[in-house]
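Student: Here is what each chain is made of, one letter per residue.
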Amino acid sequence: MTHPDDQLAAYEDGALADGERADLERHLATCARCREEIDLARAARAALAAVPDVDAPGTIGARAIAKAGGRSKTGAPTWYRWGGIAAGVAAAIVAAAILLPNVGSGGENREAAAPAAATDAPAPRPAGPVEAATTIERQDTDYDAMSVQELARSYSGTAFAVAERSPADAANGSTDFGVAAACLGHAAAGDEGTLIRLIQARFQGTPAYLGIYLAGPGAGQPTDAVRVLVVPLGDCSRILSSTWAKL
Amino acid sequence: MPAVESPPSDDELIRRFLSGDTDAFTTLVDRHRRRVYNVCLRLLGNAEDAADAAQDTFVSVLTKLDRFRGDAAFTTWLHRIAVNACYDVTRSRRRQPMLRLAGDGSDQVDGSGPAVPDPADELAGTRDVLAALREIPEEFRVAVVLADIQDLPYDEIVKILDVPIGTVKSRVHRGRVALARAMGVERREPDATSRASQEQT
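Quick note, the sequences are listed as chains X and R, same order. Sequential numbering of the first sequence, starting at 1, is according to the working numbering. Sequential numbering of the second sequence, starting at 1001, is according to the working numbering.
Hints were generated in silico from the structure; no laboratory data involved. Note that the coordinates shown come from a computational prediction; the quantities given were computed from them, not determined experimentally. Take these hints with a grain of salt, some might be off.
Claimed, not checked - Ranges of calculated distance between the beta carbons of each label pair, as one might list FRET restraints:
id : chain 1 : residue 1 : chain 2 : residue 2 : range
1  : R       : Asp1030   : X       : Asp23     : 24 to 34 angstroms
2  : R       : Asp1162   : X       : Ala189    : 52 to 62 angstroms
3  : X       : Thr206    : R       : Gly1020   : 33 to 43 angstroms
4  : X       : Asp23     : R       : Arg1181   : 25 to 35 angstroms
5  : X       : Gly19     : R       : Arg1080   : 32 to 42 angstroms
6  : R       : Gly1070   : X       : Gly14     : 29 to 39 angstroms
7  : R       : Asp1151   : X       : Thr30     : 27 to 37 angstroms
8  : R       : Asp1151   : X       : Arg26     : 22 to 32 angstroms
Stated by the list, open to error - Pairs of lysine to aspartate or glutamate residues, derived as EDC-like cross-links and limited to a Cα-Cα distance of at most 20 angstroms, are as follows:
id : chain 1 : residue 1 : chain 2 : residue 2
9  : R       : Lys1064   : R       : Asp1030
10 : R       : Lys1064   : R       : Asp1023
11 : X       : Lys67     : R       : Asp1021
12 : X       : Lys246    : X       : Asp224
13 : R       : Lys1159   : R       : Glu1135
14 : R       : Lys1064   : R       : Asp1162
15 : X       : Lys67     : R       : Asp1030
16 : R       : Lys1159   : R       : Asp1128
17 : R       : Lys1159   : R       : Asp1011
18 : X       : Lys67     : R       : Asp1066
19 : X       : Lys67     : R       : Asp1023
20 : R       : Lys1159   : X       : Asp6
21 : R       : Lys1064   : R       : Asp1088
22 : R       : Lys1159   : R       : Asp1010
23 : R       : Lys1159   : R       : Asp1071
Claimed, not checked - Some chain X residues judged to face chain R by a derived CB distance under 8 angstroms, without partners named:
id : residue
24 : Glu12
25 : Gly14
26 : Ala17
27 : Gly19
28 : Ala41
29 : Arg45
30 : Ala47
31 : Val54
32 : Ile60
33 : Ile65
34 : Lys67
35 : Gly69
Glycine included, every Cβ here is placed at the ideal spot set by N, Cα and C.
Just need the whole structure built from these sequences, with the hints factored in.
Tutor: Pasting the structure below:
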């Protein structure tokens, strides 16, 4: 006996027209196999309909958005919404070194930063001394452990040279940035490296700061790792997520 | 009172993006991120692969957007790209078999195991539907995910998978049956047989 498999799906949906349904029911009267399958299929259909939709990580699509922004001739580049693109990050750091030579770490770093501003840095050199972050970047993104890891990994392949540790900003608790940086620093117990980016977003629905740090052997040596540390807003003693990635 | 402005259609966002408005693409991604991720999550069965495939989907959409003709709805076209991105991820995982041994064991540890038939309900005793979904053949899985989880009409699935309508319906039915069996749903055969013979007399 041949079985009308293509009609059975619509029958299970209750979507067969009257004439077709009558034909099919005549077949069913003599076919135990199809009757059994209809019962099984209806059970599966009900189970599938109850499968819930889940929230998507906010970073999905970020790679395409970054690409779209890079290729556009108008409007602001969109990579700043998400730090995923190493080139964008490197560009931001160069910009910071040029525009903000004396923010962050006091006088002694001025001289380190100034040459990068005054001369066109030779191409093969790393991006130059890294300035500490000075502002909070606010994102409407809900991160999770995986997207935090992705954020860390996005820095892989980027060459950085770290200037001396620059705790000056973290110590300045009078600004929003200073408060956030101090909070991250407290959570990391001083072992965090140089804060190069500070994002305010959410982590699994909880408002959170994400601190992105460069870490290395110190003493002016090239850094070899990036750390992303996530703490909830208003609770500097708790770490929501912490991850490392090799540069 | 000012008129409430309705959000721009997908086609309008695409038009704006192609004429240089990058934010329009961001809006398009924001609008469809959840849908694409969920399709990939159900097709691939784990969050990491789903995120990879969904990420690839949007990159692919971006590179092909200027060739999107608007013959089909954008969502149909998007599903097609997403399904293909999932196939690609599956293929790349098969090339690295050591990274992912058969299943992740979650269907073994849920404790329910193969169903013990409940006399009160011949369709009772189901295993986790998501674990079962990972076990059925890929072409069936795609069909039931699109039809019964995403709730797409058959004629749209025809365009997504590029197969005839009869094939879509047949795969949906066969997929449902395979899924029910993988879930441990069993209809008690003796009853069915005796009922059938009664009906024939």
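Student: Now, for every hint given, state plainly whether the structure supports it.
Tutor: Okay, the hints, checked on the actual structure:
1. Asp1030(R) / Asp23(X): 24 to 34 angstroms: Violated - the Cβ-Cβ distance for Asp1030(R) and Asp23(X), about 47 angstroms, lies outside 24 to 34 angstroms.
2. Asp1162(R) / Ala189(X): 52 to 62 angstroms: 57 angstroms, holds
3. Thr206(X) / Gly1020(R): 33 to 43 angstroms: 37 angstroms, holds
4. Asp23(X) / Arg1181(R): 25 to 35 angstroms: For Arg1181(R) against Asp23(X), whose Cβ atoms are near 27 angstroms apart, the range 25 to 35 angstroms holds.
5. Gly19(X) / Arg1080(R): 32 to 42 angstroms: Roughly 33 angstroms apart at Cβ, these two residues keep to the hinted range, so it holds.
6. Gly1070(R) / Gly14(X): 29 to 39 angstroms: 33 angstroms, holds
7. Asp1151(R) / Thr30(X): 27 to 37 angstroms: Holds, at about 33 angstroms.
8. Asp1151(R) / Arg26(X): 22 to 32 angstroms: Holds: the Cβ-Cβ distance is about 30 angstroms, inside 22 to 32 angstroms.
9. Lys1064(R) / Asp1030(R): 18 angstroms, holds
10. Lys1064(R) / Asp1023(R): Holds, at roughly 17 angstroms.
11. Lys67(X) / Asp1021(R): 13 angstroms, holds
12. Lys246(X) / Asp224(X): 6 angstroms, holds
13. Lys1159(R) / Glu1135(R): 25 angstroms, violated
14. Lys1064(R) / Asp1162(R): The hint holds at about 18 angstroms.
15. Lys67(X) / Asp1030(R): Roughly 15 angstroms separates the two Cα atoms, so the pair holds.
16. Lys1159(R) / Asp1128(R): Not OK: Lys1159(R) and Asp1128(R) at ~30 angstroms, beyond 20 angstroms, violated.
17. Lys1159(R) / Asp1011(R): 18 angstroms, holds
18. Lys67(X) / Asp1066(R): 15 angstroms, holds
19. Lys67(X) / Asp1023(R): 12 angstroms, holds
20. Lys1159(R) / Asp6(X): Distance ~17 angstroms between Lys1159(R) and Asp6(X) Cα, so the pair holds.
21. Lys1064(R) / Asp1088(R): 17 angstroms, holds
22. Lys1159(R) / Asp1010(R): Given that 20 angstroms is the threshold and the Cα spacing comes to 18 angstroms, the pair holds.
23. Lys1159(R) / Asp1071(R): 11 angstroms, holds
24. Glu12: At about 7 angstroms, which falls below the 8 angstroms cut-off, the nearest Cβ of chain R leaves the hint on Glu12(X) intact, so it holds.
25. Gly14: 13 angstroms, violated
26. Ala17: With a closest approach of 14 angstroms, the Ala17(X) hint is violated.
27. Gly19: Interface hint status for Gly19(X): violated (17 angstroms vs cutoff 8 angstroms).
28. Ala41: OK, holds: Ala41(X) within 8 angstroms of chain R, min 4 angstroms.
29. Arg45: This hint holds: Arg45(X) lies near chain R, its Cβ roughly 5 angstroms from the closest one there, short of 8 angstroms.
30. Ala47: Holds: closest Cβ of chain R sits about 4 angstroms from Ala47(X), inside 8 angstroms.
31. Val54: The hint holds - Val54(X) has a Cβ within 8 angstroms of chain R, the shortest such distance being about 6 angstroms.
32. Ile60: 5 angstroms, holds
33. Ile65: This hint holds: Ile65(X) lies near chain R, its Cβ roughly 5 angstroms from the closest one there, short of 8 angstroms.
34. Lys67: 6 angstroms, holds
35. Gly69: Since chain R brings a Cβ to about 5 angstroms from Gly69(X), closer than 8 angstroms, the hint holds.
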